[in-house]
Amino acid sequence: MIPEIITSIPGPRSQALAARLREHESRNVTYMNHLWPVFWDRASGVNVWDADGNRFLDFTSAFGVAGLGHRNPEIVEAMKEQSEQLLHGMGDVHPTALKVELCEQLSKLTFEKWDAGSGKVVLSNSGFEAVETALKTARLATGKRKVMAFTDGYHGLGYGSLLGTDLEKFRGPFIDQLADVTNRVKYGSFELPNDDEIGAVLVEPIQGRGGKVIPPAGFLLALRDWCNEHNALLIFDEIYTGFYRTGKWFAGEWEGVVPDLICIGKAMSGGFPISACVGKEDIMDQWPESPGEALHTSTFLGHPVGCAMALKSLEIFERDTTIRMVEEASQRLSSALQEFDHEAVREVRGRGLMWGLELNRPTGGLLTSLLAEGILFLVDGPEGNVLSFTPPFQISEGELDYALTALRRLLDAS
116 MIPEIITSIP GPRSQALAAR LREHESRNVT YMNHLWPVFW DRASGVNVWD
166 ADGNRFLDFT SAFGVAGLGH RNPEIVEAMK EQSEQLLHGM GDVHPTALKV
216 ELCEQLSKLT FEKWDAGSGK VVLSNSGFEA VETALKTARL ATGKRKVMAF
266 TDGYHGLGYG SLLGTDLEKF RGPFIDQLAD VTNRVKYGSF ELPNDDEIGA
316 VLVEPIQGRG GKVIPPAGFL LALRDWCNEH NALLIFDEIY TGFYRTGKWF
366 AGEWEGVVPD LICIGKAMSG GFPISACVGK EDIMDQWPES PGEALHTSTF
416 LGHPVGCAMA LKSLEIFERD TTIRMVEEAS QRLSSALQEF DHEAVREVRG
466 RGLMWGLELN RPTGGLLTSL LAEGILFLVD GPEGNVLSFT PPFQISEGEL
516 DYALTALRRL LDAS
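Counting from 1, position 34 in the sequence shown corresponds to residue 149 in the working numbering; the numbering is continuous, with no gaps.
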């Protein structure tokens, strides 16, 4: 549905909640001013309602999580059924059958499908945890400390994942606590270092936070060849790009390149904090067998509710109807954006349902103006000037037209 705005933005309830939050949440977390944010109350499909009853059209999919739509009814039902049976378990001590099934499915969807043998899994709660699992795995498997990562890459904000993340605002305050083991290479460059001390190559097959950047053809294959030559592991961070966000199960499949480890999350469950690092069997077996206490784990590993939601999501992703929906929505979004001709647009780029409009002007005021119009957007890129289009897969032609008409009007007025 198109937006319906019934109050000023933010409305009185959002403003009151902001005042309360400002008193008790660390000030580094939620950006707030008199125009931002709105406080979400409920969501369905492509829409979000705030605490004041305003209906918004969501082009963020809540950081890419709601690919199958907000509050997907089948996923919600799976969550309800499981929460009434077992709300929490002890995933690394006394697992559930759901954990077994999810690990099996993730192996089938990755390395088995790619004819690369079986995959083995470490489940986690968030994207950066999956990345840190992959980096630890590479350290154990290769015995090497160094990591090759790329300009404008984003892999999360944990101390391990910050080795890959290339944003000074996140790294700078903690740089003296980060190990000096990263060899930073320009994203998309074929000039790769001759360094046999590198044990892991950490890369997004398509950059998300970096500005929706697609590397040149052959880049991922060049990384695969480099890893083979230098006894290093290729890690694909598909937290954002996985699960049909770019039009295929995983973005690396566009080039047919098989990684050694793949990190996945976000849309995997449709709304529950769960992620995974999946790796080739022989590589994952470089972890020592558990002596009774796991070397790498967490309280909520293999959470039964998260596993149930992820299994239902995977079932939906495998349906022909979902694939057709993705294909149709991808074509619709691609055509509309490539035909969006405006003097403020420097470049249009993307794939599937992951696109960016790079603008030649600041976007801060534009985001608040779009919010006032009832449209939720985020910006990416090192300069924060790439308007990100990552809507739920159900986005309709009418909803897309509404958003682009509003965007054109606001750009004309700026």
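No wet-lab data here; the hints were simulated from the structure. Be careful, since some hints might not be right.
What the hints assert, rightly or not - Restricting the straight-line Cα-Cα distance to at most 27 Å, the calculated cross-link-like pairs of lysine-lysine (DSS-like) are:
1. K301 / K259
2. K259 / K214
3. K235 / K214
4. K301 / K363
5. K228 / K195
6. K284 / K235
7. K223 / K235
8. K284 / K195
9. K195 / K301
10. K251 / K228
We went through each hint and held it up to the structure:
1. K301 / K259: 22 Å, holds
2. K259 / K214: This hinted pair is violated, its Cα atoms lying about 31 Å apart.
3. K235 / K214: Distance of about 12 Å is within 27 Å: holds.
4. K301 / K363: Distance of about 25 Å is within 27 Å: holds.
5. K228 / K195: 31 Å, violated
6. K284 / K235: 35 Å, violated
7. K223 / K235: Judged against 27 Å, a Cα distance of about 10 Å means the pair holds.
8. K284 / K195: 40 Å, violated
9. K195 / K301: The given pair, whose Cα atoms are some 46 Å apart, is violated under the 27 Å limit.
10. K251 / K228: 25 Å, holds
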